[in-house]
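> Place chain B on chain A using the hints.
There are 2 protein chains.
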Amino acid sequence: MTEALKLGATIGILGGGQLGRMLSVAASRLGYKTHIFEPGANPPAGEVANAVTTASYEDADALRAFAASVDVITYEFENIPTAALDILESQKPIRPNREALRISQDRLTEKAFLQELGLKTAPFADVTNADDMAKAVAEIGAPSILKTRRFGYDGKGQARLKTTADADAALADMAGAPALLEGFVDFSHEVSVIAARGIDGQVACFDPGENVHKDGILATTTVPARLSAGQRMDAVLLAANILNKLDYVGVMGVELFVTKDGLIVNEVAPRVHNSGHWTQNGCAVDQFEQHIRAVTGLPLGDGQRHSDVVMENLIGDDMDQLPALLTERDTAVHLYGKAETKPGRKMGHVNRIKRD
Amino acid sequence: MTEALKLGATIGILGGGQLGRMLSVAASRLGYKTHIFEPGANPPAGEVANAVTTASYEDADALRAFAASVDVITYEFENIPTAALDILESQKPIRPNREALRISQDRLTEKAFLQELGLKTAPFADVTNADDMAKAVAEIGAPSILKTRRFGYDGKGQARLKTTADADAALADMAGAPALLEGFVDFSHEVSVIAARGIDGQVACFDPGENVHKDGILATTTVPARLSAGQRMDAVLLAANILNKLDYVGVMGVELFVTKDGLIVNEVAPRVHNSGHWTQNGCAVDQFEQHIRAVTGLPLGDGQRHSDVVMENLIGDDMDQLPALLTERDTAVHLYGKAETKPGRKMGHVNRIKRD
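Sequence order for the protein chains is A and B. Going by full-length UniProt numbering, the first sequence opens with residue 1, and the numbers climb by one from there. Going by full-length UniProt numbering, the second sequence opens with residue 1, and the numbers climb by one from there.
For reference, chain A alone in the conformation it holds in the complex (with noise of 0.2 angstroms):
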């Protein structure tokens, strides 16, 4: 613990939403302070920050000043411009580092680095012209996903191809952004398995969760997630290894697809992770104070589950629910304060504890 920060230091925090806001929550239980730097007005994540710095990611006066305030930076999105990332990690450590930030940035990059490791992934193929997406409709076929490399997210950035037919409409949706077009996996179900690495190397992760996804995004998590013994381990081993290649230091979200043929890694998100929430009401540590605890320098929890759960999202009008969610039994309502309900908009979400 030599590294650790010392009480009442300040973490930075890249991004005011949701993820910032429960990361700052679980900050303060460490008794550290957070200042949040987020270019949109009166962001989440600021109703319980110690400060916030509304300035954009060009703003190279206000990145040095967050920078100044702060004793350690991470982020709850991986999406951060290059420039602004040099600026700051010129005063101060970033953490996770800037190698997990550039392989998570590119779908291309990320699946040649999870091959290199040896990990199965969807066949894909890197599609930027015509000619590349006919080499690539040839190679992979249909039904297949063309994506965007760069900054796609709740499945924005995504056209379906149903045939082959559906080639020229595909890349045409993708607007001339750098794409790649990925073959489906014949899965059975989809896991993600939230891992944590500290600065000394220790690896914890919590249990795998099952998700099912709506309108490609998340819509449910249960816990425990149907896995065999063996899956399990395979989960965690993966993940491990992942997190020890980057030398990781935070938590990390790793979807995996379920097949006949084992575990496929679908993508990794270099921060918390919607599918980790469950952990708020799960275990004695969730993976908000697991990710504190990482750049900070503390010790990880042991990511032990006390209790079952589902998670289930709460997007747009399903806040509608809310009145009567309030009033179920053994279930924690977490609402992430925006303004306005939209469609598609994760408004928050609630965990239901099972009984034994």
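These aren't lab readings, by the way, just hints derived from the structure by calculation. Among these hints, one or two may not hold up.
It does not matter which identical chain is used: a pair holds within one copy or between any two.
[Unchecked claim] Each computed EDC-like pair below joins lysine to aspartate or glutamate, with the alpha-carbon atoms no more than 20 angstroms apart:
1. Lys354 with Asp308
2. Lys162 with Asp320
3. Lys354 with Asp330
4. Lys162 with Glu340
5. Lys6 with Asp320
6. Lys162 with Asp106
Below, chain B alone, put in the same frame as chain A:
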């Protein structure tokens, strides 16, 4: 739910200590903002609040501006000056109400109120001068304890009489403050009920916890407490009795002595209570969220316990144990962000979740 505050509304909290801090975090889970009013600089609650006013309770302008900026006012301690409450109440509702504050601010008023309700208390006598003291000692004897009627907490403002010969010294300790001589109660253990009442009159109680004090300060709370089914029922009914009589809205801590003649009320606190901190890791809805739900007009959570918990306060040098506590299995650490460790100062607590 017609009266419930809208999402994004602001809760004003009088007092910026650890209770305000944890109330603020709970408010964020329900999508509310908080504004802390606190005379001391850099209050712990301010680090996770949307706004902080640093001003004295004599500053009428600051009180008015604070009240204007919030939708409802609550508090984390009971000794708020009456004149300040008058100003605040003329602008916004104060929950719990003034009557609850009036009763609990004065030990004599509180004991008289409890007796009127038919509840048992320790024998007591009013002491303002040497004549009263002589009469009180004659009636109650020793061992007994002389307590100031107002502003006492964590064993402060108290003097013990081992024998009646200690009477003069004890009275001198009060420095002229109105006091109360309390007889000792022959109890086997102390428990407390954390009870809540909503705007609609709904009452919900958490399972009673068993408290152990050290040097007049709460050391541990263990849930479940050692109580028979009948005692458990008595505890809940008498708490509900108190809440209903006061038309109370919010969470109250009710400390009870367990004796062979039944439950004796030690004292009540019109706020979230240290002996309810276990609920953070034992229930889907904890005492802080329960209080926020009550004062904002949301339905109460049911208070069901999903896990047994032992809460242990971290007082002063107990903080030296922190490195070991952070690696303990099933142990949740909650720190208060206080800048300086001092003897007798509550720095944080841990909740140890007990496996079945």
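> All hints are to be evaluated individually against the structure, with a verdict given for each.
Tested hints:
In this assembly of identical chains, the alpha carbons of lysine 354 and aspartate 308 lie at most 20 angstroms apart whether taken from the same copy (5 angstroms) or from different copies (15 angstroms). Proximity of lysine 162 to aspartate 320 under the C-alpha cut-off of 20 angstroms is found in neither arrangement, the shortest distances being 34 angstroms within a copy and 62 angstroms between copies. In this assembly of identical chains, lysine 354 and aspartate 330 lie within 20 angstroms of each other by CA distance both inside one copy and across copies; the values are 8 angstroms within and 18 angstroms between. For the identical chains of this complex, lysine 162 and glutamate 340 are neighbours neither inside a copy (35 angstroms) nor across copies (63 angstroms), given an alpha-carbon limit of 20 angstroms.
Only between protomers do lysine 6 and aspartate 320 lie at most 20 angstroms apart by alpha-carbon distance; the minimum there is 13 angstroms, versus 43 angstroms within a single protomer. For the homomeric pair lysine 162 and aspartate 106, neither the shortest alpha-carbon distance inside one copy (24 angstroms) nor that between copies (75 angstroms) is at most 20 angstroms.
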